[in-house]
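Order-wise, the sequence lines are chains L and G.
Residue 113 in our numbering sits at position 113 of the first sequence, with consecutive numbering throughout.
Residue 46 in our numbering sits at position 46 of the second sequence, with consecutive numbering throughout.
Derived from the structure by calculation, the hints contain no laboratory data.
All values derive from a computational prediction rather than experimental measurement.
Please note that the accuracy of each hint is not assured.
[Stated by the list, open to error] One side only, chain L facing chain G, incomplete, derived with CB under 7 Å:
hint, residue
1, PRO8
2, VAL12
3, GLY14
4, VAL48
5, ASP96
6, SER111
7, GLY112
[To be verified] The calculated DMTMM-like cross-link candidates involving lysine to aspartate or glutamate, where the alpha carbons are at most 25 Å apart (straight line), are:
hint, chain 1, residue 1, chain 2, residue 2
8, L, LYS19, L, GLU44
9, G, LYS26, L, ASP85
10, G, LYS26, L, GLU44
11, G, LYS105, L, GLU44
12, L, LYS40, G, ASP83
13, G, LYS108, L, GLU84
14, L, LYS40, L, ASP96
15, L, LYS40, L, ASP85
16, G, LYS105, L, GLU58
17, G, LYS70, L, GLU44
18, L, LYS41, G, GLU53
[Stated by the list, open to error] Pairwise CB distance ranges, derived in the manner of DEER restraints:
hint, chain 1, residue 1, chain 2, residue 2, range
19, G, VAL44, L, SER62, 26 to 34 Å
20, G, ALA78, L, GLU3, 25 to 33 Å
21, L, PRO69, G, THR64, 28 to 36 Å
22, G, ALA78, L, LEU73, 26 to 34 Å
23, L, LEU54, G, GLY94, 35 to 43 Å
24, G, THR67, L, TYR105, 32 to 40 Å
All residues carry an ideal CB built from backbone N, CA and C; glycine is no exception.
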Amino acid sequence: DTEVTQTPKHLVMGMTNKKSLKCEQHMGHRAMYWYKQKAKKPPELMFVYSYEKLSINESVPSRFSPECPNSSLLNLHLHALQPEDSALYLCASSQDSSGQGRFRYGYTFGSGTRLTVV
Amino acid sequence: SQQGEEDPQALSIQEGENATMNCSYKTSINNLQWYRQNSGRGLVHLILIRSNEREKHSGRLRVTLDTSKKSSSLLITASRAADTASYFCATVAGGAGSYQLTFGKGTKLSVIP
Numbered sequence: 001d002t003e004v005t006q007t008p009k010h011l012v013m014g015m016t017n018k019k020s021l022k023c024e025q026h027m028g029h030r031a032m033y034w035y036k037q038k039a040k041k042p043p044e045l046m047f048v049y050s051y052e053k054l055s056i057n058e059s060v061p062s063r064f065s066p067e068c069p070n071s072s073l074l075n076l077h078l079h080a081l082q083p084e085d086s087a088l089y090l091c092a093s094s095q096d097s098s099g100q101g102r103f104r105y106g107y108t109f110g111s112g113t114r115l116t117v118v
Numbered sequence: 001s002q003q004g005e006e007d008p009q010a011l012s013i014q015e016g017e018n019a020t021m022n023c024s025y026k027t028s029i030n031n032l033q034w035y036r037q038n039s040g041r042g043l044v045h046l047i048l049i050r051s052n053e054r055e056k057h058s059g060r061l062r063v064t065l066d067t068s069k070k071s072s073s074l075l076i077t078a079s080r081a082a083d084t085a086s087y088f089c090a091t092v093a094g095g096a097g098s099y100q101l102t103f104g105k106g107t108k109l110s111v112i113p
């Protein structure tokens, strides 16, 4: 299995809703990432998990809450979002992780969740 | 924060022609990678070039890296309609520590059949 699976593919939520995005990989990768991508823009890093521990939080508002229950799963819990949070949310994993110094492989990305906040 | 700047922002070519995209960055890197993205979906890793490498090939792709100019180029030879996509360079900062990608703004490539 060489895939990163993201669910759901599309999500429409109100500003008072609570929802979660899910990401799963079974490649044995020990680093996982959340990126946010607005239309016609490059992906921007939100969170990095290395060996199931949060290692980087790029000053993301607390209405986004990541969780890594085990080495294969990564969740992003959403609460009280704003319309400007509407974007494509991408999950990725990598065989290499921080602290190794020598990075030989790229990231494997999921297909993303298209989120619309109304 | 974005580090890479791709040039051009958009490129339209005929099928069979070569496509060249350039990327410039600002700080020292551990490696530079190129990714393709179709229609706003997931990104696909194309190639990784380390800071001590100057050129790398993979199929119809050729990547060069000039660390003195802080720039890289991606050449796609004999382009096909299926190559139509957005292409992003992404850098990994130099030094020990974090493996995180910082993406450039991307080049939108259209290959006309």
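Tested hints:
1. PRO8: L:PRO8 check fails; min Cβ-Cβ to chain G is 14 Å, beyond 7 Å.
2. VAL12: With a minimum Cβ separation of about 17 Å from chain G (threshold 7 Å), the hint on L:VAL12 is violated.
3. GLY14: violated, 23 Å
4. VAL48: OK, holds: L:VAL48 within 7 Å of chain G, min 6 Å.
5. ASP96: holds, 5 Å
6. SER111: holds, 4 Å
7. GLY112: Hint on L:GLY112: holds, closest Cβ of chain G at ~5 Å, below 7 Å.
8. L:LYS19 - L:GLU44: holds, 21 Å
9. G:LYS26 - L:ASP85: violated, 28 Å
10. G:LYS26 - L:GLU44: holds, 17 Å
11. G:LYS105 - L:GLU44: holds, 10 Å
12. L:LYS40 - G:ASP83: holds, 18 Å
13. G:LYS108 - L:GLU84: Holds, because 24 Å separates the two Cα atoms, which is no more than 25 Å.
14. L:LYS40 - L:ASP96: Violated. L:LYS40 to L:ASP96 sits at ~28 Å, over the 25 Å cutoff.
15. L:LYS40 - L:ASP85: holds, 15 Å
16. G:LYS105 - L:GLU58: Holds - the C-alpha atoms of L:GLU58 and G:LYS105 are around 19 Å apart, at most 25 Å.
17. G:LYS70 - L:GLU44: Holds - the C-alpha atoms of L:GLU44 and G:LYS70 are around 21 Å apart, at most 25 Å.
18. L:LYS41 - G:GLU53: violated, 29 Å
19. G:VAL44 - L:SER62: 26 to 34 Å: holds, 32 Å
20. G:ALA78 - L:GLU3: 25 to 33 Å: holds, 29 Å
21. L:PRO69 - G:THR64: 28 to 36 Å: violated, 42 Å
22. G:ALA78 - L:LEU73: 26 to 34 Å: This hint is violated: roughly 41 Å between Cβ atoms.
23. L:LEU54 - G:GLY94: 35 to 43 Å: Check failed, 23 Å falls outside 35 to 43 Å.
24. G:THR67 - L:TYR105: 32 to 40 Å: With a Cβ separation near 21 Å, G:THR67 and L:TYR105 fall outside 32 to 40 Å, so the hint is violated.
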